[in-house]
Each structure stands twice: as C-alpha cells, then as structure tokens.
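Chains as they are written, first to last, in my numbering: chain V, 1 to 321; chain U, 1 to 283; chain W, 1 to 294.
Worth flagging that the hints you see were computed from the coordinates, not collected in a lab.
With a Cα cut of at most 25 Å, we get these calculated DSS-like pairs of lysine-lysine:
hint, chain 1, residue 1, chain 2, residue 2
1, U, 255, U, 48
2, W, 261, W, 43
3, U, 131, U, 170
4, V, 314, W, 88
5, U, 131, W, 287
6, U, 48, U, 97
7, U, 62, U, 97
8, U, 125, U, 170
9, W, 88, U, 48
10, V, 214, V, 134
11, U, 97, U, 255
12, V, 314, V, 220
13, W, 287, V, 134
14, V, 32, W, 88
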Amino acid sequence: MTSIAARNAAEISQRGRLRSASAQMLFEGSIKFTLVGLTLLSVLTTVAIIAVLIEETVGFFTMADHPEISVWNFFTGTEWSPLLGAQPLFGVLPLISGTLLVTAIAGIFAMPVGLLTAVFLSEYASPRTRTILKSVLEVLAGVPTVVYGFFALTFITPYLLQPLSESFGTYNAMGAGIAVGIMILPIVCSLSEDALRAVPHSLRDGAYALGATKFDVTAKVVIPAGLSGVVAAFLLALTRAIGETMIVALAAGGLAQLTANPSQQVQTMTAYMVQIFLGDAPAAGVEYRSSYAVAFTLFLITFLMTWTGAIILKRYREEYD
Amino acid sequence: MKTIPLPKTNMDQSTTTPTSSTSAPTVPVALRPPSAIEMNSLSAWYAKNQVLHAIDLDIAAKQVCAFIGPSGCGKSTLLRWLNRMNDTIPGARATGKISLHGVSLLDAALDVVDLRRRVGMVFQKPNPFPKSIFDNVAFGPRLHRIYSRTDLEELVEQSLRASALWEEVKDRLSSSALGLSGGQQQRLCIARAIAVGPELLLMDEPCSALDPRSTASIEELIRELRTTYTIVIVTHNMQQASRVSDTTAFFYEGKLVETGATDLLFTTPRERRTEDYVTGRFG
Amino acid sequence: MLASCLAATTIAVLVLSALLISIAIEGTSALSWSFLTSFASRKASQAGILAPLMGSVWVCAICAIVAIPVGIATAIYLEEYARRSRLKSLIQLNISNLSGVPSIVYGILALVAFVRFFGIRSNDDPLTFGSPESFMYLQIPFGPSVIAGGLTLSLVVLPIMIIASQEALRSVPQSLRQAALALGSTQWQVVWHVTLPAALPTIMTGAILSMSRAIGEAAPLLVIGGFLLVFQTPTNLMSDFTVLPLQIYNWAGRPQAEFHKIAAAAIIVQLVVLLAFNSIAIVIRQKLQRPLQS
Ligand SMILES: Nc1ncnc2c1ncn2[C@@H]1O[C@H](COP(=O)(O)OP(=O)(O)O)[C@@H](O)[C@H]1O
Ligand SMILES: [Mg+2]
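Could you build the full structure based on these sequences and the hints that come with them?
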C-alpha cells in the first residue's frame, strides 16, 4: 500500500540522510549565527547613538577656549544666542520651551480629535465607513512632514491664523503646532483605536445587559478599560511631535526665545540643529558642537517618553492576554 | 554536539532484503521485537509542575494503543515526548527512559529532526498548510529530498489512497487544502504524516474537532493503517477507544493506572478507578 | 458622544481635504513634463526635479536593500528562534525605543559613522574601491554620498520594518509550525517553508509602508549634508544627491511665491509616488493575503 514510502524510508536509513546530520547542524548553526548578528545590529545602533552623542557632548562641555560652558549653565540658562553677539550664550531652556510650546499646541489639537475619531471608528462606524476612514488616516500618516510644514506656511498661517489676529507673523508657534498636530493625528488615532478594540466584548456585553446606553458603555466602560493604551498612544504621538523637524524648520521661525505666546516665533531643538547643519558653521566651532548637546538633550527626552510608553503598552497588553 | 543516529529498524531491514519493490513490505511477525516502545519510570515536568509520574509502559508494534483518561491527566504530554515535540516548550523536561525500537529517545544528543521524520503526528485540530493538497502531502518528502518527480507523484497518490482521500481529491490536487472539509483535512494530515514513511503514528484526539461521519471515516482509516504502522491514539471517547484499539492505557493524574488488551480493560478492569472512568461515573 | 465623535472625524477629513486642495490649487499650474525632466535653476520657471527624483530612487533602493532583509532577519530571530528571556525582552524594548528616536538623531549618528567614519580615516584621503565609471564605485569614508543617504534612511526605517515583520510572523498560527516540526523539519526549514511564506504578504505590506516613510524623510539627510542644489543624477554609490523632500524644503523656505508654486508641484509628485506605494500595499493586502487557517 505504501510501498514507495517504505522503500524510501529504507533508503534513507541506508544512505543516511541526504544531508548528513552534522552538515545540517552546521547549516542550521550558521543561519542562526547570521540571524543573531543581524539582530545585534539594532542593539549596536542604540549603543552607537549613545556613544556618539555622549562623546560629542562631552567635547562641547569641555572646550578649552569656552570655560563659561557648563552643564549647569546649559540646562538652566534662559538665553540661547550661539551666533549673535561677542559672547555666545548657551542656555537650552528657550529651545526646550519652544519645543514644548509647539508640542503642547499639537497635543491640544491632536489628542481630543484623535481619541474621538478612534471612538467613532471602534464603536460607531459601519465596517464600510471604517475602511474608508482608515485609508484617509493611512494617507495622512504617509504624507511627508515637509508637506505639513509647507501647509502651515502657505495655508494655516495666512488663511486661518492671520485673519484671526494681526499678531501672527509669517513664522509662529501656532501654525507649526497645528501642523505637527495634524501630523500626529493618525498616530493618536490608530493606536487609541487599537487600545479600544482590545477591550473585550464581554465587558461591553456585561454593561449592555445592565441596561446601559451606548454612550454609557463607551464613556464609562470602554474608554476607562482602554485608558492605559490610550495614554501610551498619546505619549508615543507626543514623542513624535517633540522630534519633528521639517515642520518647525519651515514654519516656527528661527528665534530662540522663552515665550508661551503662540503667535510668536520660536526655535525648537530640532530647528536649531537644522540651522547649524545647513549653515556654514565650522565643524570644530562652538556653535556646531552645541548642536550635539542639543541632540543629546532631545534624545534623552524622547528616550524617556518612548520607554514609559512601551512599558505602559506592555502592561495593558498583558492585562488582556 | 554529536548526534546519535537512529539504528536501522526492523521495518527497514525487511524492506532492504531483496523483495520486489512493487509489493508491500511483509514482515515476519516472529522477527518483530515484542514492543515498539518501552517506557521505564518516565516522569515529566513543565517548569516545576510534575505532570507525569514514573510511567512504565510497553507499546506493541503494529498495533493500535489508545491513551484514555480525564483531561489534564498528561496524555498529550506523554505523546509529545514520543517525538520530542516537548522540546519546543520552554521549561518542559523529562526523566526516566523511553526507547523506540531500542533507541533511547530522551538522550540529549538524539537527532530529534530524524526522530520526528520517523514518527508521524496528527493533531487535535486539522492543521493543513495553506498550500495545495499536493504540496501538503509532498511537504515531508521534499524536505528530506529523497524522491524523483515521478516517484513524488506516485507517493502522493499512494499516501492519499492510504488515507482514503484519493477518490475525493484526485481531480483537485492543486487547489488549496483549506477548501477541504474538516474530516478531509484531517485525513490529509494523516496522508501528509505517512508520506515520509514513519514507523510510528501519534494521534492526539484526531476526531475531537470532527462531525460523526468524518469521525467514522477516520476510525476506519486507523483500523486499516494498523497493518502497516504502530499507532498511539489519545481519545476522550470510550467507544472510539474500544472500536479502534488493540490495547488501552488508562491514565489518571499523571499516573498510569492500568493497561491491557482493550476488550479486557473495558469488560473486566482490575482497578476501581478504571471501572469508574470507563463506565462514565466520572471524567 | 456620537455628535462629538462625528465632529472630530469631520475635522480629520476636512484637514486632509484642505491640505490636498490647497496644494493642488497652488501646484498644478507648475506641473509639466519639463518640470520632471529638468534640473534645479535660479529661475523658478525653469527649475525641475530630475535630480531629486532620481536621488530619491537611488537612496530608497539602497535603503530597501539594507533595511528589508535585516528587518526580516531580526524579526525571524526574535519570533522564531529566541526563547523568552531577559535578553530578548531587552532587545525588544530597545527596538521600540529606536522607533521613537527622532529621525534627525539618526542623521547625527550617520554623519559621524558613515560620512566621516568616526574620523578614523580622513575624507580627503579616502580608501577607494573600483573606478568612478562603475556604479559600485566606493570610497571610505562615504562622505555625503547616495550610499551614506541610503544607509541613513535604513537606520530610520529598520525599527519600523522589524516591528511590522514581527507582527506578520506572530499572526501565523502556531499549529502550522507544529505540523512542520512534527514532519521532521529543522527550525530553519519551518521558517523557510512555512512561516515565512505564510507571513510574506503582510511583511511586504510592512516593507512598502516602511519605504514610504523613507521616501518622505528629509531631516536626517539634511544633517548628513544632502545637497540642496544638485545638477546631476546619481551615477554611482559615491554620487552627490538630493531627494524630493529636501528639494521641497529648499523651495518652500524661500520667500518668493513662484518658488512656493514649484514646491507645491514637487509635493504633488511626491504625493503621487506615495499614493502609488499605498495602492500597491492595499492590493497586496487584498489579493495576496489568503487565510492561513480554515
Ligand atoms: N505547555 C504547557 N506548559 C505548562 N503546563 C502544561 C503545558 N501543556 C500542558 N500542561 C499541563 O500539563 C498537564 C497535562 O496536560 P496534557 O498532557 O495536555 O493533558 P491531557 O492531554 O491529558 O488533557 C495539565 O495540568 C496541563 O495544565
Ligand atoms: Mg490533550
């Protein structure tokens, strides 16, 4: 009945396997070795980023001809004017405040709009509407950020903000902030939606069985249950906002100032780096090196935020697994 | 690490003796070892949780042995030690001795890949690959690269015939296996397992996801296959055990309570717990 | 609740429409065949995007060649080989952290590592392989060349690629792996014959989305010294280059309205490319993605 199978089984045991066991083990071993090696590349990337940033930042803080630069002055100084004046000033607070102002505006726009859209998608939308909206969001997510910068500069500021108030200049924190908000909207939305959809149906059914309305179920059961996921979504989106470069380089302006006024221009950490790397500051000069210290600050902030987000996300995944 | 090759088994020897290659291998019963599998004080753990306690059990060659017992008593665990599938579960370990035709299966240096080629396994839920029917059956032979193309086609046909599926699928070998019914899929999985020429077939509740008609066809298939293979089947269904098996082993809470010829075990069990279980008083 | 949700959704849709309409109004008039086939120019009316277009193609191709295989390999190791351990979760955490690193920071790493080769060898006295006529012409350090640009982008998209591939592999049912193992497959045979083919459509979708991220990146390339004005298309790995987003940035940042027009026209081209990428991803998702279980 299974003569070939039997014959061949016999053949294998006679000849041994086509590939001998040791050859096969060698092959498997070299594959595994390659995979491990390639996996370590991502670890190496992190190590290299940290090493490069630390090395260059230490170089900046220990420049012999600039004894006035110190870690303390850097993190507490309220004036950032590396290029102007006889004595350059490196107090990073104006850059941080500029970054935070833009990020805050982006968050104020994107978090409610994104969350509510996510609620609509996960609780109300018909499958058809959902598919369409998801593709709209996917398109938004794919738009290069330089396009949003252009949009802020040529549409948001002149057609939305300047008609509202004369105080808005060509470059301002508000226009850039809104554009960054649009950029992070798809992230907020799709990550929050994942969090909401991960809420088990049994929880919803339980509430409905008690006579709750759809509003009650959504507001009092689904959102609270998905809250940690939503918070993680917010954090990850805000991290993207903090690190966003092209929008602010185009639309936020180039003046580092400590202000909370959104109609003013501000300089963010990333915009400063663009200014330096695009300009012709000499590579050994103090302003060039200051950009590494700024980059390190930016890296630390975003690293902490992503880490927190990842930990929250892991927690809530474990809750429902 | 050095691997220990499995020595030639009885079946191999019989087929390498000059017989006509078209006739089925016939093995003089007297030459067979009394048991295909011997277990001596086999214990098994998942991490710190001991789930098998000192099992001593022999399984005769070319017979069907049924494992019965309440769920969670360790039947699947025992089965998965017979082809070392437990190696894929972190924290799973076993002590004691299992030998298959005299080869020690718990040896750390055992070539598990070769072992699994010689031991077919059929799972609780049919799990055909998302490939064509032909490619499913040809998967194992191709893996071990031992067939010419015409041989492969013949082998697929034979395997499908052996699993009583050929007539139903011969016209659509290239269509997806996922289009088959549950029962057909399970027979396909059996065909896939026997296409590599195993000596032992392990079946873990192969009918529990199937309807009664498919179950009947699989049971009939098992009765036919036992002329060629040693089969171990885990089942929850007493009737099924009594219909298909020659011997039965009853497990309870990780211990082997009783084993013997199926008709005797069901009619005159020696142990009280066995009697309670087979008469449906618990389980 | 429903009302506010609807309002929010409307805002999202309105924003997208405003974006597309304003750019279409501004840019279509400048769009022409010669715009696609000319180099940059001081005069907006004569400027074109040939150099950035070809630069984007080169840089993205290099990025794809590096990031896609490495991303898939890492995902395979983490999902199919690595056992649950401290080390594995550390690597996993590291990858999610990398995905949050601002792209401009990757630019800095690339500047030091690829462009300057950590200063180990001077850019004025590079190690040279091959001749400039061959496209494989290579010098170390790379300097601000297409190879440096492609590698930079591969750093940026690698975590995205890894995470997408991991999700694809995770969606392959465990029962298929067990079936293959029980037939005597080695670990790699399970991956090669079962898991990878089953996950491939999803992985390809992830790869295309990663590439659409790469093609829109400007910041890290700006840091490594991607040129804003380039008057040639790349001919080998050491060629100078610019990319579409950098060109858009350059034109958008100028005060004159004519340059805003051609920036908008370049954006239209960029968006069309992206839309093509997205459509391919959607087609793959719908056509190739077959059920893995019945
Ligand atoms: N992968 C695993 N990890 C940890 N414990 C397991 C695993 N599989 C089974 N067990 C435990 O081992 C015991 C025996 O399980 P099993 O062999 O599947 O029983 P049966 O097949 O008889 O129902 C059960 O208590 C079960 O919870
Ligand atoms: Mg079981």
